[in-house]
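Work out the full structure, taking the sequences as your base and the hints as a guide.
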Amino acid sequence: MKYRKATFDDVEAIYELVSDYATDGVMLARSRNTLYETLRDMVVAENDEGEIVGVGGLHVIWDRLAEIRTMAVSPKMTRQGIGAEIVTRLIDEGKVLGVEKFFTLTYKPGFFQTLGFRTITKEELPHKVWKECIDCPKFPNCDEIAMIRD
Numbered sequence: 001m002k003y004r005k006a007t008f009d010d011v012e013a014i015y016e017l018v019s020d021y022a023t024d025g026v027m028l029a030r031s032r033n034t035l036y037e038t039l040r041d042m043v044v045a046e047n048d049e050g051e052i053v054g055v056g057g058l059h060v061i062w063d064r065l066a067e068i069r070t071m072a073v074s075p076k077m078t079r080q081g082i083g084a085e086i087v088t089r090l091i092d093e094g095k096v097l098g099v100e101k102f103f104t105l106t107y108k109p110g111f112f113q114t115l116g117f118r119t120i121t122k123e124e125l126p127h128k129v130w131k132e133c134i135d136c137p138k139f140p141n142c143d144e145i146a147m148i149r150d
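Going by the UniProt record's numbering, the sequence shown opens with residue 1, and the numbers climb by one from there.
No lab work stands behind these hints: they were computed from the structure.
Built from N, CA and C at the ideal position, the CB exists for glycine as well.
Possibly wrong hints are sitting among the right ones.
Unchecked claim - List of simulated lysine-lysine pairs, DSS-like, C-alpha gap at most 27 Å:
#, residue 1, residue 2
1, 2, 122
2, 76, 101
3, 5, 95
4, 5, 101
5, 108, 76
6, 108, 95
7, 95, 2
8, 5, 76
9, 108, 122
Unchecked claim - Derived DEER-like restraints, expressed as beta-carbon distance ranges:
#, residue 1, residue 2, range
10, 76, 98, 33 to 41 Å
11, 77, 123, 33 to 41 Å
12, 150, 11, 27 to 35 Å
13, 126, 49, 17 to 25 Å
14, 126, 51, 32 to 40 Å
15, 98, 51, 28 to 36 Å
16, 36, 79, 26 to 34 Å
17, 121, 7, 34 to 42 Å
18, 123, 63, 17 to 25 Å
19, 122, 63, 15 to 23 Å
Following this line, the structure appears as structure tokens:
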């Protein structure tokens, strides 16, 4: 498995991967526009055939606070450590920047708990976190679980 920063050539594969989970209601959809705008945030996992089988993003939100987002692993490749490796790489990248707290909004709390995240109330996160939520179809009735690692 090869892990690397995402490129323009990866956007369509990332879009398909995320859309499959979004269709099942276990992940928020991301438009192609959003993927292009956040391309520098993302790390991908590429198998030996060159297929993108995993993705995750690190989005800096505020002073020393960043979000782990757009986490998806191909259903045929789950439970092989790909998602954990992506999150670890994103956290390492964030630490280089000086990030001290990482949070996520997820439907898969068990996965993030194994990586040192703990559940918190959404109210514990700064208001800055919610600036993009206004565009979410679930706003203001968000049912994702907030988790943090500090």
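Against the structure, the hints:
At most 27 Å may separate the alpha-carbon atoms for a hinted pair to count; residue 2 and residue 122 exceed this at roughly 34 Å. Taking the CA atoms of residue 76 and residue 101, the gap is about 31 Å. The hint is violated against a cut of 27 Å. Proximity of residue 5 to residue 95 is assessed by CA-CA distance (about 16 Å); at most 27 Å being required, the pair is judged to hold. Simply put, residue 5 and residue 101 have alpha-carbon atoms about 22 Å apart, close enough for the 27 Å limit, and the pair holds.
Note on residue 108 and residue 76: the hinted pairing holds, with a Cα-Cα distance of about 17 Å set against a maximum of 27 Å. Proximity of residue 108 to residue 95 is assessed by CA-CA distance (about 23 Å); at most 27 Å being required, the pair is judged to hold. Distance hint between residue 95 and residue 2 is fulfilled; the C-alpha atoms sit about 21 Å from each other, no more than 27 Å. In summary, the hint linking residue 5 to residue 76 is supported, as the alpha carbons are separated by about 22 Å, within the 27 Å threshold.
A hinted pair counts as satisfied when its Cα atoms are at most 27 Å apart, and residue 108 with residue 122 qualifies at roughly 16 Å. As the Cβ distance of residue 76 to residue 98 is approximately 37 Å, the hint placing it in 33 to 41 Å holds. Separated by about 35 Å at the C-beta atoms, residue 77 and residue 123 satisfy the suggested range of 33 to 41 Å. At roughly 32 Å, the beta-carbon separation of residue 150 and residue 11 lies within the given 27 to 35 Å, and the hint holds.
Between residue 126 and residue 49 the beta carbon distance is about 42 Å. The supplied range of 17 to 25 Å is therefore violated. At about 38 Å, the CB distance of residue 126 to residue 51 agrees with the hint of 32 to 40 Å. Checked against the hint of 28 to 36 Å, the pair residue 98 and residue 51 passes, with Cβ atoms roughly 34 Å apart. At roughly 30 Å, the beta carbons of residue 36 and residue 79 sit within the given window of 26 to 34 Å.
Hint check: residue 121 to residue 7, Cβ distance near 37 Å, so the stated range 34 to 42 Å holds. As the Cβ distance of residue 123 to residue 63 is approximately 19 Å, the hint placing it in 17 to 25 Å holds. Range check, residue 122 to residue 63: Cβ separation about 19 Å, and the 15 to 23 Å hint holds.
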